[in-house]
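Protein sequences appear in the order of chains A and B. First residue of the first sequence: 0, per numbering that gives the first Met the number 0; consecutive thereafter. First residue of the second sequence: 0, per numbering that gives the first Met the number 0; consecutive thereafter.
In short, the hints are calculated from the structure, not lab data. One should not assume that every hint holds.
[Claimed, not checked] Mimicking DMTMM-like on lysine to aspartate or glutamate, the simulated pairs with C-alpha atoms at most 25 Å apart in a straight line are:
#1 A:K41 <-> B:E34
#2 B:K39 <-> A:E45
#3 B:K21 <-> A:D89
#4 A:K149 <-> B:E34
#5 A:K179 <-> B:D30
#6 B:K25 <-> A:E178
#7 A:K179 <-> B:E34
#8 B:K39 <-> A:D405
#9 B:K39 <-> A:D91
#10 A:K232 <-> B:D41
#11 B:K25 <-> A:E45
#12 A:K418 <-> A:D50
#13 A:K409 <-> B:D30
#14 A:K348 <-> B:D30
#15 A:K418 <-> B:D41
#16 B:K39 <-> A:D284
#17 A:K448 <-> B:D30
#18 B:K39 <-> A:E160
#19 A:K418 <-> B:D30
#20 B:K21 <-> A:E160
#21 B:K21 <-> A:E182
[Stated by the list, open to error] Covered by chain B, according to a simulated footprint, are these stretches of chain A (three or more residues, beta-carbon under 8 Å):
#22 47–60
#23 416–428
Quick reminder that beta carbons are idealized off the backbone N, C-alpha and C, glycines included.
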Amino acid sequence: MEVNQEVAVGVIKNKMKSIFILIGLMGLGTIVFSQEEKVYKKRVLESTEVDFLMSYYAQDGENAAVTGGIGTEELTDITPTIVISIPLNDDDVLTIDAGISAYTSASSSNVNALDIDNPNAFTTSTGASGADTWTNVVGSYSHSSDDRNKVWTAKLSVASEYDYFSVGLGGSYSLLFNEKNTELGISGNVYFDQWNAIYPMELRPFGDSEQNINGSYLGYSLRGNPNYSPNFKAFNDEGRNTYAIGLSLSQILSRRMQGVLMADYVIQDGLLSTPFQRVYFKDVDNTYINDFHLAEGIEMMPGNRTKIAVGGRLNYYINEYLVLRTYLRYYSDDWGISSQTASIEIPIKAFNRITLYPSYRYYFQTAADYFLPYDQHLSTDAYYTSDYDLSEYTASQFSFGISYTDIFTKCHIGKYGVKNINLKISYYERDSGLNGMLIAGGVKFVLDK
Amino acid sequence: MIKKLCIVAIVFSSLTACTVVKEYEKVNLNDPDMELNARKSDRFETNFHSYREAASGANGGKSGGGCGCN
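Can you make the complete structure from the sequences, with help from the hints?
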């Protein structure tokens, strides 16, 4: 009997052991199964990134739009900018982008050209219009789907300078498919802008009342035609609206090559003229104060503009030292301007972590239907401008950049590791005479986890 | 010109069926210099082009608004 009991206890113990093993295996299986269920999801942005960017731009030329197509175009601009990207969770990123552009402009100083002894279009005046700051803040929020195949972004921007204020809203949606070999994107942006119109100084009194000019004006004696009677009327509506829609298609073409096609369609309405740009007419007798030609009118452009731009990039990985980056764009608008842009850049991985960026950019545009040089317009025309940015010209740009990249961010400043430092110098030249130089650089920091 | 660009777009999009590059084959494509978007520091260049040139857009940058240019 006792033997039977011992046997029974032994059998029960064995069965219990089997049950515990089974339960253990089931538990382990559950853990393994649940681990299989949990899809590994890489964070869209691992940690906070901060970019400090800076540019210095200087230009000169002799076709200033402020003085009707003649005069100095000298301008300098410094733009410090900070971009902070913050991962809010695995999927969402908030980006704040803020910049200030401080510029001095000899040509815009000639909005008021009469504050020096012997004014002319080629001399810098000393008025407040010769310097300004442009402040810009953009906030954007992006969300990526769990499989990282869908990304949407919302954007709000505000920009302000002395005579201009802008609010912009935008959004975009991207869809990746074909094993992330293909990406389709659509974007939309609207900008509601407001001018605080500033007019050439000699025209301002005509906006208030009829003037009776008789040999002297604003305390100066007149030369040439003594009966100064400009064709001037202040703008009533100073708003400008822009509606833009963009499409893009990116495609991996091989293990070494990928490209993207982009198209933008833009409609603008409102005040599309620049109020402080003078125009001179060949059918109006010239009036001067010393050597300065008094404005006979201001730029007048249509209240609508439709623009279409189609472009593409094609990048080819040649080998571990060289990459080929190319870009082409065609542009056309209903002001009669069409243009072609082409650029090529060959990043050279010269040393460990250091890459060199030589590049060349070609640009050509036809003139706007409303463009004529200094003193060539007729006062009877509906629209006119002598802004050489809207003239026909060819431009070339030569650039050279250098970049240091350390993905492991060994160099630290406080809690931030330096990921990238870059500097680029560009020289820009038009066949119409304008030339410019841009020096731009930046440092990217990554917050330690 | 637009017709030609449309043809290029159609040919380009038809290439999607030609090759599928697997994730583990994208080592070269993941090189930072193969990035199809414009670099952050290139924004200044894009800005000054949009001030000085009539054309804008189709470059990943702004296509109008926000400043007195374009």
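### Message
For each hint given before, does the structure comply? Return the numbers of the non-compliant ones in rising order.
### Response
Failing hints, ascending: 10, 16 and 20.
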